[in-house]
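As they're listed, the protein sequences go chains D and F.
In case it helps, our numbering puts the first sequence at residues 1 to 362.
In case it helps, our numbering puts the second sequence at residues 1001 to 1289.
Rather than coming from a laboratory, the hints here were simulated on the basis of the structure.
Honestly, I wouldn't trust all of these hints.
Derived coverage of chain D by chain F (criterion: at least 3 residues anywhere in the stretch with Cβ under 8 Å from a Cβ of chain F; other residues may be distant) [as the list claims (entries may be wrong)]: (1) 77–83; (2) 87–101.
Here are the in silico distance ranges between beta carbons for each label pair [as the list claims (entries may be wrong)]: (3) F/P1202 x D/F16: 30 to 38 Å; (4) D/F16 x F/V1142: 50 to 58 Å; (5) F/L1012 x D/D83: 43 to 51 Å; (6) D/R71 x F/F1135: 56 to 64 Å; (7) D/N104 x F/P1061: 54 to 62 Å; (8) F/K1278 x D/E171: 38 to 46 Å; (9) F/A1133 x D/K68: 52 to 60 Å.
From the structure, some residues in chain D lie toward chain F, with a derived Cβ separation under 8 Å [as the list claims (entries may be wrong)]: (10) S50; (11) F52; (12) P72; (13) T150; (14) F263.
Note that CB positions come from ideal geometry on N, CA and C, so glycine has one too.
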Amino acid sequence: MRVLELSHATKRYGAFVAVEDVSFTVEKGQILSLLGPSGCGKTTTLRLISGFEDANEGAVLFSGVDMKGRRPYERNVGLLFQDYALFPHMTVAENVSYGLRRRNFDKGKIPVRVAEMLALVKLKGFDDRRPNQLSGGQQQRVALARALATNPEVVLLDEPLSALDAKLRHELRFELKAILSAVNATTIVVTHDQEEAMSLGDSVIVMSAGKIMQQGAPTEIYADPKTRFVAEFIGRSNWFTGELRNSTNGVAELKAAGGIRMFVRMPESSPNLGAFDVCVRPERIRIGADIQSSGDAPMNQMRGTIRDVAHLGADLHLLVEIPGGQLLTVTEKYIGQSFERAGQEVSITFFPQDCVVVPSGS
Amino acid sequence: MSTTKRTVLLLLPGFALFLAFLALPLANVVDESFRFFEPGRIGSAKDAPYTLLNYAEILEPAYLRYFAETFRFGVLSSLIAIVVSFPIAYSVARQRSPWLRKLAIGFFVGMMFLSTLVRVYALQLTFGSTGYAHFLAGVLNVSPNSRFYTELIVVFGLLHYLIPISVITLLGTIQNLNPRLIEASQVLGASRLRSHLSITLPLCVPGLLSAFLICFTLCLSAFVIPMVLGKGKVLFVSNLIYARFSEIADYPSGSAVAITMLIIALIAIYGITWLVAKGFSNQDRGRSS
Chain D
1 MRVLELSHAT KRYGAFVAVE DVSFTVEKGQ ILSLLGPSGC GKTTTLRLIS
51 GFEDANEGAV LFSGVDMKGR RPYERNVGLL FQDYALFPHM TVAENVSYGL
101 RRRNFDKGKI PVRVAEMLAL VKLKGFDDRR PNQLSGGQQQ RVALARALAT
151 NPEVVLLDEP LSALDAKLRH ELRFELKAIL SAVNATTIVV THDQEEAMSL
201 GDSVIVMSAG KIMQQGAPTE IYADPKTRFV AEFIGRSNWF TGELRNSTNG
251 VAELKAAGGI RMFVRMPESS PNLGAFDVCV RPERIRIGAD IQSSGDAPMN
301 QMRGTIRDVA HLGADLHLLV EIPGGQLLTV TEKYIGQSFE RAGQEVSITF
351 FPQDCVVVPS GS
Chain F
1001 MSTTKRTVLL LLPGFALFLA FLALPLANVV DESFRFFEPG RIGSAKDAPY
1051 TLLNYAEILE PAYLRYFAET FRFGVLSSLI AIVVSFPIAY SVARQRSPWL
1101 RKLAIGFFVG MMFLSTLVRV YALQLTFGST GYAHFLAGVL NVSPNSRFYT
1151 ELIVVFGLLH YLIPISVITL LGTIQNLNPR LIEASQVLGA SRLRSHLSIT
1201 LPLCVPGLLS AFLICFTLCL SAFVIPMVLG KGKVLFVSNL IYARFSEIAD
1251 YPSGSAVAIT MLIIALIAIY GITWLVAKGF SNQDRGRSS
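Next up, chain D with everything else stripped away, as it sits in the complex:
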């Protein structure tokens, strides 16, 4: 069931276009992440859905009903604010029941519903506490319970984890997902943090300058970015720029600066040869391994010199200089291998299918 639909929504502030021709749909129980740098229009999109702003063009539909002109209190949206925005003069129970009281929920059933919500977010017995007596993580749970209490059609999470410290963020990520799926909430997560977007979302939309750049499953966005912007925004990448030629069997040859020749996967959508950027993810590059190319499948292999090594616990990050002077970032799982910090000669290899071709300068 299609719970939320944005259809060609455009929002302008004077001459500034905050959101331009944005369309997407969210199904019941689905989690959609809106990802982008600050000023990309994701927060305006959130305000269009919650009703604080009305679109200049296009429409916001809840289960097929146009929400045009409906104020936030005339829609049924659950909104989790980045700073939680708990009412400081009310107890936890009063905060959670606020929406129920305002929406004329059956008075006798309010305490039951509040207890249910507090149990859901694992805050049983916190009813009479004040927001300022709670930790950041607990405050967020109260805010989530408050947002979900009225059984909203759409739940909007604004940077839900960014106010928490790294360790708590890790724990809460899975819990948040479990809570949302327990109530089968149709959710939109707005964030600038790619980890947050990819870990929470069933589907991710990358936005830039008010426009949707790409939409897809997290793995698809990561493995198959359609533009240089998306590839750079999500994860780390090494870039080669050059001319494509000799496309055969879905593999083309790239002649890049510094005399580098490599085989790349030919994108389905842009068969024209010419100038392209090629992205290789750091973890797709292998160091020192002599991978035999099977049959005629081409393989990229070059010599390189290690310039720096950083141990990050589970991972090793290496900086490798290749002929022509370009520095590549390479990530390896740490399994006891040892590299010299600088100067060691290594061979590096990577598969053509791990070379993602995007239009130059996109």
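Place chain F on chain D using the hints.
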């Protein structure tokens, strides 16, 4: 030298100044208020006997009227001032254009620099027989010389003085209020009015209280406004004190009135603060049960 000693030394000049020019003169007034006054003299005699007569006098209806009048105008004008100032302060605090916000704040700060005498005569001209606001008497169907019309002008005079100050006091309170709270309330189904009533207002009570107390204190000590705009019909305790001191040179009586006023004002201010604080904690308990 230890830090404590140094702190004490640094405080000493201020403390000496306070003692010499604030505390001792006040003690002088207290002493004077208990002295016997011989009509015709200027102030009490050097070795005049102590008496409670000056305080007993205050209980007479003629004197009590001044107190009642001062408090009536003080409470009324302060209430009107905060009711009028709150929406103004809110719109200034939430003004999106920084240029307009600065302009508005500058205007209210500038208003505070205006001499009371200038305000008073400006209002007298406005409400006087040639002023544009003269029609008000006609609209209200009262004589421009009636007591009601005079009282009205005094209230306007006080408001002219109180509104800029209470706007600036409330501005801080509202600026400290997280605007997301109102948005959270609206998303949870409360209309804008309802959100202001259940979120903005309760959270602004401390600010409203201090604005009210500042206004109230300023009203109690108002002197020029009732003197000029009150035309002798509206007189505050300050005017009474002035009359006792300057017109008949009865310093002991003037001092007694001043001390009584000070004590009543302190009791009123502490009383109001205590009542509001108590009301607040009761309300909280009521809600959580």
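Right, here's what the structure says about each hint:
no.: 1; hint: 77–83; in the structure: holds (count 5)
no.: 2; hint: 87–101; in the structure: holds (count 9)
no.: 3; hint: F/P1202 x D/F16: 30 to 38 Å; in the structure: 36 Å, holds
no.: 4; hint: D/F16 x F/V1142: 50 to 58 Å; in the structure: 55 Å, holds
no.: 5; hint: F/L1012 x D/D83: 43 to 51 Å; in the structure: 46 Å, holds
no.: 6; hint: D/R71 x F/F1135: 56 to 64 Å; in the structure: 40 Å, violated
no.: 7; hint: D/N104 x F/P1061: 54 to 62 Å; in the structure: 55 Å, holds
no.: 8; hint: F/K1278 x D/E171: 38 to 46 Å; in the structure: 42 Å, holds
no.: 9; hint: F/A1133 x D/K68: 52 to 60 Å; in the structure: 46 Å, violated
no.: 10; hint: S50; in the structure: 6 Å, holds
no.: 11; hint: F52; in the structure: 7 Å, holds
no.: 12; hint: P72; in the structure: 4 Å, holds
no.: 13; hint: T150; in the structure: 7 Å, holds
no.: 14; hint: F263; in the structure: 52 Å, violated
Hints 6, 9, 14, counting from the list given before, are not met by this structure.
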